[in-house]
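Colleague: Protein chains in written order, with our numbering: chain A, 1 to 488; chain B, 489 to 759; chain C, 760 to 1074.
In short, the hints are calculated from the structure, not lab data.
In this text, all values refer to a predicted model and were calculated from it rather than measured experimentally.
All residues carry an ideal CB built from backbone N, CA and C; glycine is no exception.
Be aware that one or more of the hints could be misleading.
Partner residues are not named here, just some residues of chain C that face chain A (Cβ under 7 Å, in silico) [unchecked claim]:
| no. | residue |
| --- | --- |
| 1 | 830 |
| 2 | 841 |
| 3 | 847 |
| 4 | 866 |
| 5 | 867 |
| 6 | 881 |
| 7 | 884 |
| 8 | 922 |
| 9 | 929 |
| 10 | 978 |
| 11 | 1021 |
| 12 | 1023 |
| 13 | 1034 |
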Amino acid sequence: MFNHLKISVCALALLSAPAFAQQTSITIGMALEPPNLDPTGGAAAAIDEVVYANVMEGLTRFGPDGSVNAALAASWDISEDGTVYTFSLRDGVTFHDGTTMDAEDVKFSLDRARAEDSTNAQKALFAGIADVTVVDPLTVQVTLSEPNGNFLFNMAWGDAVIVAPESAADMATNPVGTGPFQFSEWVQGDRVEIVAYDGYWGDKPALSEATFKFISDATAAFAAMMAGDVDAFPNFPAPETLAQLDADPRFNVIVGSTEGETILSTNNANVSDVRVRKAIAHAINRQDIIDGAMFGYGTPIGTHFAPHNPDYMDLTGNSAYDPDLSRQILADAGITDLKLRLALPPPTYARRGGEIIAAQLREVGIETAITNVEWAQWIESVFRGKDFDLTIVSHTEPMDIGIYARPDYYFQYDRPEFQDLNATLEVTADPAQRSTLLAEMQQIIADDYVNGYLFQLAKTGVANANIVGLWENSPTQANDLTGVSWTQ
Amino acid sequence: MKRNLIIGGALSTLFTLAALLSFLWTPYDVTALNIGAKFGTPNGQNLLGTDHFGRDILSMLMVGARISIAVALAAVSFGILLGVPLGLLAAARRGSVVDEIIMRSNDLVFAFPSLVIAILITAVFGPSLWNAILAIGIFNTPVFARVTRGAALSLWTLDYIMAARVAGKGAFRISFEHILPNILNLLIVQATIQFAVGIIIEAGLSYVGLGAQPPIPSWGRMLADSQTMISFAPHLALFPGAAIVLMVLGLNLLGDGLRDALDPKIRRART
Amino acid sequence: MTRFLLTRLTSLILTLLAASVVIFLVVEVVPGDVASVMLGLNAEPEAVAALREELGLNAPAHVRYLTWVSGLFTGDFGQSHTYRVPVSELIADRLWVSLPLAIYALALSTFIAIPVGLIAATRAGKATDTGIMGLTQLGIAVPNFWFAMFLVLIFAINLRWFPSGGFPGWDEGLWQGIIALTLPAIALAVQQASIMARVTRSATLETLGQDYIRTARAKGLSQRQTVIRHAMRNALIPVLTILGLQFSFLLAGAIIIENVFFLPGLGRLIFQAITQNDLIVVKSVVMLLVFAIVTVNFLVDVAYAAVDPRLRRRA
């Protein structure tokens, strides 16, 4: 009976669409629903995963390989001293409400983001801006208080997209941007729909509409994929089912890299003894965690740096799995009956990885008390309150080794030498010099065993085998649909 | 029907013994992981197979039984210790403001589903076994208060209670010396039923992550953990679920059997 | 009857008021700050402070309580902190999933339980009865989320007869909506149906033993006719009560089941709101659930009293 019904429904669908036309709509699965849709007013990755590059655009943008490319700015000139950026904007760009995008909008957006009362979650990206001047409708000049090698990179973040004064206030529920898709509908708790924008300035996307469906439960995600309810799940939350999906000819499993260094974050104020942190590091069997929690997906890391980055140093040997050494270090230091709290946020890597780490630490005589926490509580008590000993979290921001230069950052690592190196790095533009600095920085935090460096989070995506153009890697949190199409 | 009593008693005893045995011995250590041996199907070494961390499922179920029983038992005790005195008091002061307040408070608690109580408690204190006990205990309290009050009310009209009052005994002494012993059977039956309800609620709470925290094994969490693996390793979900069903079934049958055995006139006051 | 209604209505309102105070107080002490959750990991403290001010989180407690409660009366539940839309809108959308699900599950269990209970009663003591009673014992003991897991495995993943979860929305057509709610409703209905079948059976047995039924049979009505004409109507009273009592369990079950099938209903809303610290939503959803339970019990009491006038005095 139900099969009949399905057939008749399909027949109806065929009647209403031109026969054998290529499919132009797509349903993308996402594990987390964005709390709102304003990338300039919230830090949730899910916001960018819906709107970045699809609905909203900035002066520059990230490419699939992490490179910084031109977007609304067609080109730019940088002054000799590196403090003045002159952007030439593209002509004929309109917002989805039909208004023109010009230099005034750029000035408005940047000034809004760096204003005193701004609720932009990444205000630091704009901190170096001293002044924004409109030269003419298509030229805007940004003056920095000091040279910043990362400025174009900063402007590619989702938090730096260009908005219009007319629509900025309602961005949370009705994002109006300049991208190839415009926002259509948001059914809270279920999905966001976007449709192709006819007035787009660049190449029109192959897709005419896209639906982002929010499925937080890993089982439900697998079932939805199997049942064909979603066409692609770029960050699939259930690595345990990937083997099964991969074996199914209907699907492609896409494994790539992310910027997520997954670490056993350690409160350096509570666990201040470097010998204890070293003992912890040697007690951890990374491969067991990758196999047991992530079902083999993930690359071991020995420092806080992404392995796919050319400047990455493999320092895993520095903290190789050696439980005997761990016990020895603890015994030499005269430490017994060590009991630490381990707070675990919701993602699989933390919850499952945490259970494994707890068992591994128990092997060397360190007891842990596990508390599963929701993100809200994690941010409140761990990240802000710094009330924790250990936690597991993936730091998904690109190039974020600089967090080790912030003594008030939640793991509270305070080492002046590192802070000096970071300060030098920020004003260094020469690639070779930067490489040397970065190598030194990676070595220091590895030698200090600041945190337990576990693995680089893999991007494990699943898609219908007829879909091409999805990003393989995740240089930033985005589901860029501009190049996605169906082959049949 | 003796059959209920026998089957129910046997199932309940089996799980209780398994739980008690787990204190002394389990086939394998449930806290030691063996990632290399994950997803083992039932075999000679691991009678019920191994889970996603290579732990022995039978051992996990034994320790899990301990947790389930402890939570349900503690929650029933909570409900009895708070609900029975309240019910006795309400009956002794029937029609008074005290009675009214107790009964209205009962209505108030009844208006919150157990899961919602647990969600709110967890939001404040964070998830833990104690909060699961507290939530189920709060939920049990009005059940016992109502059953006690209802039964006590009918006893208060009996001649010998009247005689005791005339003899100058206070309401407190009458409640504990005459009323309570006479409603004990009823309370035992109700306790068995609430025990079963407690097991099922605890499993639900652990399933949504509001109950026992790792590494303590619990049936509900074993189900939650195995959910994504059900398509290729269904035995991970099958056995803990079956354990819950059999345990609850056993307690319900035991309750029915006890009711029939202790007092055929008691009507089942299931909520 | 008027006096009965008035007393019941007063206690209904008192219960709701007390519940609102309890909910507000509990939510007050929930740790965590919605503003920092909204802005995420690297948010600057000033941004958080600015957002707190914007959301009106700095007003004193009693002012916020009064604003909230008076808002409940006018249908203005405030604005969701994380979604930035009116809470009433969020709830209304979700209600259109949760309410049909509850009704579907109740209807399913009633339609299964009453005939099954009647059959068991008329065959009391025989093999059919024993079999049915055994099954209902099992049905009561099965956790609905566990049952749901296997329903999904068999009917969604393997047979693909039903969607694995999610809800297309009623604008996609009534049939699509019903299909999407079928597995969740079945999962929810099993336990309710088992309990209801048992109550129907014992209530019917009791009435069957009463004098007027014996008279009816003596008059030459067949057992079947007797059951349908007389016994069933009277047996409906306890069934009605059970419906009222089970409603709270149904809602609790629905909260879990909605999460298993990722249905955008109130149950999932409350979990999402808790995880995002969107307490204004938590408050209002819990209040709504309490309101639903209290009201259903009130209606059951009224219906009960209408059917059986002797019971009015009990209030």
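Colleague: Next, verify each hint and record whether it holds.
Modeller: Hint check results:
no.	hint	result
1	830	violated, 19 Å
2	841	holds, 4 Å
3	847	violated, 12 Å
4	866	violated, 19 Å
5	867	violated, 17 Å
6	881	violated, 31 Å
7	884	violated, 37 Å
8	922	holds, 6 Å
9	929	violated, 11 Å
10	978	violated, 44 Å
11	1021	holds, 4 Å
12	1023	holds, 4 Å
13	1034	holds, 4 Å
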